[in-house]
Structure formats: structure tokens, C-alpha cells
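Go ahead and model the full structure; you've got the sequences and the hints to work with.
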Amino acid sequence: MEMAGKVACFVLLCMVVVAPYAAALSCGQVTSAMAPCVPYLTGRGPLGGCCGGVKGLMSAAKTPADRKTACTCLKSAANAIKGIDAGKAAGLPAACGVNIPYKISPSTDCSKVQ
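Residue numbers (my numbering): 0 to 113.
I should point out that these hints are in silico values taken from the structure, not numbers from a laboratory. Keep in mind that the hints are not guaranteed to be accurate.
[Stated by the list, open to error] With a straight-line cut-off of 25 Å between C-alpha atoms, the simulated DMTMM-like cross-links for lysine to aspartate or glutamate are:
#, residue 1, residue 2
1, 111, 65
2, 67, 108
3, 74, 108
4, 81, 108
5, 54, 65
6, 54, 84
7, 87, 108
8, 87, 65
9, 102, 84
10, 102, 65
11, 54, 108
As the structure is a computational prediction, the values presented were derived from the model and not from experiment.
This is how it looks when you write it as C-alpha cells:
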């Protein structure tokens, strides 16, 4: 029984250590959430389903680390997609009725996002 107790303790310790990282936001989640916004941001379509992605991303980015990840991923994706209208991107939170803790801009320093 002593060995079973040690194994159970080890498994519990692993769960405690790994759990915070399992729930972390990934760039894949960020880009998937924001994909419906690309036509709007490039002037090729309406706002459409974009706000659902924006609101979903806002609720998924619960921690400062998640918000920094989201910021970094959004900047990277914006640089990879040609023709994004920076004005539309900056106005996206207001258009979708959400508040974000940083300005959407290529000049945003994601390391300072809280």
C-alpha cells in the first residue's frame, strides 16, 4: 500500500504542476478565433462573424500571460497577412462592444500587456 500511496502522490503532483500550462492560450487558438475577421480587416467583407471570435478570445484570455500571448500572436498574424487596415483593426474592440487592456496597433509593446 505504501507504494500505491507514493504513486498517487506523484500523479497528483504532476497534475498540479502541469494543469496551469494545459489551459494556457495558444497562437492556434488566437488565429482560429480571429480568422473570421480577416475579410473585414482587409476590406473584402463585412464584420460578420468576427465579433464572436473577438468575444471568445476575450473570455479565453483570462490571465496576463494569456493576454500577452494573444497580443504577440495577433501582431505576428497581422504582419503575415497583407492588406490589413490598421484603423479597422484598432476599432475592432469598439465595433464588437468589448474593451481590451491594450491598443491594437503594430507599435503595441506586448511585453507590457497586463
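Consistency of the hints with the structure:
With a CA separation close to 12 Å, the supplied pair residue 111 and residue 65 stays within the 25 Å bound. Straight-line distance between C-alpha atoms of residue 67 and residue 108 comes to about 9 Å, which keeps the hinted pair within the 25 Å bound. A distance of roughly 10 Å separates the Cα atoms of residue 74 and residue 108; the hinted pair therefore holds under the 25 Å criterion. Distance hint between residue 81 and residue 108 is fulfilled; the C-alpha atoms sit about 21 Å from each other, no more than 25 Å.
Only pairs whose Cα atoms come within 25 Å are accepted, and residue 54 paired with residue 65 is accepted, the gap being roughly 14 Å. With a C-alpha separation of about 20 Å, the suggested pairing of residue 54 with residue 84 holds against the 25 Å cut-off. At roughly 19 Å between alpha-carbon atoms, residue 87 and residue 108 fall within 25 Å of each other, so this suggested pair holds. For the hint linking residue 87 to residue 65, the alpha-carbon distance of about 23 Å falls within 25 Å, and the restraint holds.
Pair hint residue 102 plus residue 84 holds up; C-alpha atoms about 15 Å apart against a cutoff of 25 Å. Between residue 102 and residue 65 the alpha-carbon distance is near 16 Å, which keeps this suggested pair within the 25 Å criterion. With a C-alpha separation of about 22 Å, the suggested pairing of residue 54 with residue 108 holds against the 25 Å cut-off.
This entry satisfies every hint, going by the numbered hints stated previously.
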